[in-house]
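There are 4 protein chains.
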Amino acid sequence: MVVRVAVAGASGYAGGELLRLLLGHPEVEIGALTGHSNAGQKLGVLQPHLLPLADLVLEPTTAEVLAGHDVVFLALPHGQSAAVAQQLGDDVLVIDMGADFRLQNAADWDRFYGSEHAGTWPYGLPELPGARAALEGAKRIAVPGCYPTAVSLALFPAYTAGLAEPEAVITAATGTSGAGKALKPHLLGSEVMGSMSPYGVGGVHRHTPEMVQNLSAAAGEPVGVSFTPTLAPMSRGILATCSAKARPGTTAADVRAAYEKAFADEPFVHLLPEGQWPATASVYGSNAVQIQVAYDESANRIIAISAIDNLTKGTAGGAVQSMNIALGLPEDTGLSMIGVAP
Amino acid sequence: MVVRVAVAGASGYAGGELLRLLLGHPEVEIGALTGHSNAGQKLGVLQPHLLPLADLVLEPTTAEVLAGHDVVFLALPHGQSAAVAQQLGDDVLVIDMGADFRLQNAADWDRFYGSEHAGTWPYGLPELPGARAALEGAKRIAVPGCYPTAVSLALFPAYTAGLAEPEAVITAATGTSGAGKALKPHLLGSEVMGSMSPYGVGGVHRHTPEMVQNLSAAAGEPVGVSFTPTLAPMSRGILATCSAKARPGTTAADVRAAYEKAFADEPFVHLLPEGQWPATASVYGSNAVQIQVAYDESANRIIAISAIDNLTKGTAGGAVQSMNIALGLPEDTGLSMIGVAP
Amino acid sequence: MVVRVAVAGASGYAGGELLRLLLGHPEVEIGALTGHSNAGQKLGVLQPHLLPLADLVLEPTTAEVLAGHDVVFLALPHGQSAAVAQQLGDDVLVIDMGADFRLQNAADWDRFYGSEHAGTWPYGLPELPGARAALEGAKRIAVPGCYPTAVSLALFPAYTAGLAEPEAVITAATGTSGAGKALKPHLLGSEVMGSMSPYGVGGVHRHTPEMVQNLSAAAGEPVGVSFTPTLAPMSRGILATCSAKARPGTTAADVRAAYEKAFADEPFVHLLPEGQWPATASVYGSNAVQIQVAYDESANRIIAISAIDNLTKGTAGGAVQSMNIALGLPEDTGLSMIGVAP
Amino acid sequence: MVVRVAVAGASGYAGGELLRLLLGHPEVEIGALTGHSNAGQKLGVLQPHLLPLADLVLEPTTAEVLAGHDVVFLALPHGQSAAVAQQLGDDVLVIDMGADFRLQNAADWDRFYGSEHAGTWPYGLPELPGARAALEGAKRIAVPGCYPTAVSLALFPAYTAGLAEPEAVITAATGTSGAGKALKPHLLGSEVMGSMSPYGVGGVHRHTPEMVQNLSAAAGEPVGVSFTPTLAPMSRGILATCSAKARPGTTAADVRAAYEKAFADEPFVHLLPEGQWPATASVYGSNAVQIQVAYDESANRIIAISAIDNLTKGTAGGAVQSMNIALGLPEDTGLSMIGVAP
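Chains as they are written, first to last, in the numbering used here: chain A, 2 to 343; chain B, 2 to 343; chain C, 2 to 343; chain D, 2 to 343.
The hints are simulated quantities; they were obtained by calculation from the structure and are not laboratory data.
Predicted model only: the values in this text are computed from it and were never measured.
Each hint should be verified, as a subset may be incorrect.
You can't tell identical chains apart in this list, so a pair holds if it fits in one copy or across any two.
Distance condition first, Cα-Cα at most 27 Å in a straight line; then the derived DSSO-like pairs of lysine-lysine [what the hints assert, rightly or not]: (1) 140 - 43; (2) 185 - 43; (3) 246 - 262; (4) 262 - 43; (5) 140 - 246; (6) 185 - 262.
Work out the full structure, taking the sequences as your base and the hints as a guide.
Listed below in structure tokens is the structure:
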């Protein structure tokens, strides 16, 4: 099979990571690459690590440029994907790496994004219950947010097994690439090196309703989420520390069994042996997820911690994984579960 | 006043930070410095940033060496302070930077440290209600742990004001100096740079009972603590993200008022203007504490976040602050509230 | 003495570091602080580590605002200092932290900056031969560049002693704060963490003629400089690796003797014991300079390496040191020689 | 083809990187993995990023364990490889990632290592003139040192083209993984983060004679090397800044032409477009080499700068590349030229 792929938004971090993976994907042929303010520039300047593409020139993001490909990935600012997708045919697989089509609830969209809801597409987190079926043969896919990927995978087994109360408390640390290439003072190297800081505290981060959606679906009842993201002095990685009160009668063995069952057949999720905890370095550049869970008897809480690479499993790797499923390819084609460490 | 000071354990990070502060303390004269395996070595090799002390030679940690000083700081592995303190006279101010005398409950000590409880000394966190009175004129002081310092300051106002339910959920990120100079593989630069990882998950970290003790005292009832520490890729700093469910009827204004009242007269604690959040870089090398608090209405939780330098306010700076109080000196003598940033 | 000080350009890294030092200077009273695009903003947002100044509001950079102070520091983009200085009286001490008045040779200025040469002021690197005399009582001072500070101190003793051939090869690594707060993609945390990269290679860096000027003065003949700066994944610090061929007959003992003599009475320059090498962490936040020198017999080269904090000794600390000399204060007033490490 | 491979020294950084690459090599089957003090431990604990090998147990490093493989990689402390290699048959391809067989001159070995010289094997830097021929069909290969890889590739074209004087001055910055997993205080995260420091200054670093050997071979005359290595706050990467005086009559165009010719057909060496400079982040985790060269007319020096990943091209990737050549496989099998960035 030769899958011809276009990437809209190839100059950013998500686009760059996607191209890194597509270059190693045996069934993919890279076609048009587009940018906005960077159109006309060589990729070698914008993404100097992608040596084989150094001489490619970014084109403008238009339907004409993106037409004629089997798959089009959209790595655009939120609110822009719907218009582009409409102009591409229904037979083209469109994979949106932005937020536009993740939420099912239009009111949530309105509250967190303040614009009209574009719709809901099949959700590209294959490890969630029932998710794979919706992705097989799909022509439209919404790639999850990086935080919701890490958090949903860490907590859904506790909810599907009915072990956790429906109030989750989550603190996550992200590498700076999660904030993209935006030129903002607080993202300067001088500011982030040697510093940890929170942002979007108090229920206002836009990934919150997506977590609520995923965990509520797993629990079969509304799950409240208290989510605090923090910026860590590293380029890549998310470490999500997630906890919820245990339902009465829950034992440590119940918790372990639920997680072992949930991930037994998952190619990318690695439930660590008891006593070993995740580290973001271990999944650097890979599509792997490391998870560990514990039951704190004193506090009566289930504590699940996951580590992902925000750009790989959290964005571009998750997108490729979903593409593989949609196209009927082996799910791990072109994806690695081996981190680049140390 | 000339205060003659000895430091037992001068080769480690806590000892080094203490000496850095004492060198800038106008009333202090530095006397004997001791080490264990490093006795006989020059400080210039062990602590190359302390230029004025470069030619001092570490002596062995014995009562003879430590005798004859007004103040003796102990930066020793836990379990060793009691024997040393006993040999020093009752008129010497002994300040223990280790864990031995922090806990009031012998059963807690036994459970978390597995040895005999040495006792309880006045607790060196002056900002806690009633703490200063116990420190004035004291001859024995237990310096708090770095995490309990960050966490107790972030949460006690919510408890003293009766706004929070007695179950706290805490995730904290620490710089690697919090783990000391121990030669362990996971503390190598190659391992920690670019990586976040948790440790001591599930209620087993030794600082947990100390947080329970402080928050329970503030609340006037037992407070449960779920504490997850994480190791961040930075040398210094603790960012503590602390939350608890709000008691019925609590408003955002109540929360703000409680925190403003708690810290109105504190020289080192800076409650940030609304909308601005702490960053560990802002308190780097200083005795300052940055705190911000929010009320998340959706999740009905109070979220308080603090940033400290684990070596300064979290260890050596807190020790000097308590020494100043004990000796009747102005509390901020020799201490800075200005961070070294960026 | 009460010295009233104004700072033009208080929102950048150099201005922030200067304020950090001035806050600890016992003879200084901080007056007007000005900014350009940030005028009207509170310093607490722009420099959150300067807690005591959090509520100060930046004023626009005008002669009116800066008038009425004993000392005015200019931390402005190059080319702007002359106009401001002209409007301040001759009795005001004006200290320019930019490049405008460092070079003696107008042709050099034109070649590297492409504008008209503003003039030459007394050069604020007191450790250079004869420099202190020019600074005593001065009313205009040009603060050296950060790289020329590190490089000139590392190499001048070899030239004043006549031990080195007049061709120096220099590679220096700087922390990102040396590039200021400019919003450029290559300065984003995601780009700099985990990466080393050179820039300004091949004799084009603007600090090159300043090094040539200083080393030629020391040698008494023109010294050629090959200078390669590199950007390192750290916020602060310069490590300068400097070498030159040894003149015939030079011995290791000659080299050591020349350096010991040059720095014997310098309060801030610490020639390390033989075998110990500088580290930027050891001078973090301090005005200290660590230097070590070796003679490589195989290659017949003298290798001198210095470590400074680019913001302190390399900019703001050097400025305060020169101010102290100009005002007749003890040279180390308000300055520390103790690094904040680890 | 199925190539059965054993790795002696699988618990260190070089061994781990080798396994990461071998897991992605389509012709390789991983056989015995051995360790020294770690024998008996699971790889999942020692190398948590190598998920597919998590349950493998390290065996002791003995000839019996290593026997029966087509290829044996040795990642052992220097001085230990000869004894192991002797016990393996002549038909086994033995690839030594240590220093033992790199040097041709026994006196150099004795001077820098102080033990008996084990011999000289074909040198695994295929890009050097004539190197590939010696590797084809070889049964013994010495993998170059990481620094000599970066430096030799950066400078040999200037010497083969006769453009440079035979005295090279080199400063290189390395990530901490270059120092291995040894538990030494100066390698602790607290020490290296935020710090640059030199080591092995003055011609004493053991990689110096290897650089001399390579550059002298390229020049056809003895080349002197002044080499200063520095430790940078990053896990991976080497940035080598190399320069030499230009021979009379050399022009910038000559230099550019020599480098374009030298690397025109090299799959892994990427001579950057003029004006763009290497960054170690761009080659992170890849076998690529980024090189740029300039002629500084003022200083009359050729300045060549290279960036590699010290663990990949600098060690394990170079080893796999040489294995591919020796076995007659396409040279880039299992190797990537795409960096993991940002």
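- [ ] Taking the numbered hints from earlier one at a time, note which ones the structure violates and give those numbers from smallest to largest.
- [x] 1, 5 and 6
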